[in-house]
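Enquirer: Protein chains in written order, with the working numbering: chain A, 1 to 117; chain B, 1 to 113.
The set of hints was computed from the structure by calculation and includes no laboratory data. Hints are supplied without guarantee of correctness; some may be wrong.
What the hints assert, rightly or not - Below are the BS3-like pairs computed for lysine-lysine, each with C-alpha atoms no more than 30 Å apart in a straight line:
1) K57/A <-> K71/A
2) K57/A <-> K5/B
3) K54/B <-> K37/B
4) K57/A <-> K56/B
5) K11/A <-> K37/B
6) K5/B <-> K68/B
7) K54/B <-> K5/B
8) K54/B <-> K71/B
9) K71/B <-> K57/A
10) K57/A <-> K14/A
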Amino acid sequence: DTGVSQDPRHKITKRGQNVTFRCDPISEHNRLYWYRQTLGQGPEFLTYFQNEAQLEKSRLLSDRFSAERPKGSFSTLEIQRTEQGDSAMYLCASSRALLQVSGNTIYFGEGSWLTVV
Amino acid sequence: DQQVKQNSPSLSVQEGRISILNCDYTNSMFDYFLWYKKYPAEGPTFLISISSIKDKNEDGRFTVFLNKSAKHLSLHIVPSQPGDSAVYFCAASGTGTASKLTFGTGTRLQVTL
């Protein structure tokens, strides 16, 4: 059973450039989440998908951020016109959607570090 | 508005002793609580969870206690081992939130020899 995988693990980009991160969830997990973590903070929710539908987006997700999960499997997170404040670890996670609405364990990937210079 | 709080940024414990990490929450809608362990430059690793219908859950060296009336939970690690040195995050989710997690700011545990 492979875990959640993310690519690339590290990305350094110049301010104003676009970057894209990819996430492959645990197979048969139909929920996929994106979180962001900065130094000294816990992970913060950005958005989540159930299958291919994006069901919720955080206020943190500005118009420069877009996430997709076209076939309900892997997902991409794109950041356009990057700013220095976008520097963070971007975490992908997945879970099963069980019958109960809450109580599902979410499993995280290794994260993708973004540094905007 | 920090709905999940870990008020101790760091904790140092001797190998073999008990480590107790604390977490408080303010949102009474939270009904599922999790602890994650995180090493530098890696993603959080799930450790243990507890539903609000229970007050204790045990898994090997790890036990989580939940006090709903106090809106407080704690993670006990017995005995502590050097490999337990990491940052521990408390997280919570609530009914209707599709398991979206709200995290605390973490406690750095150092287990010394």
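Enquirer: So which of the earlier hints does this model not fit?
Expert: Per hint list: single violation, 4.
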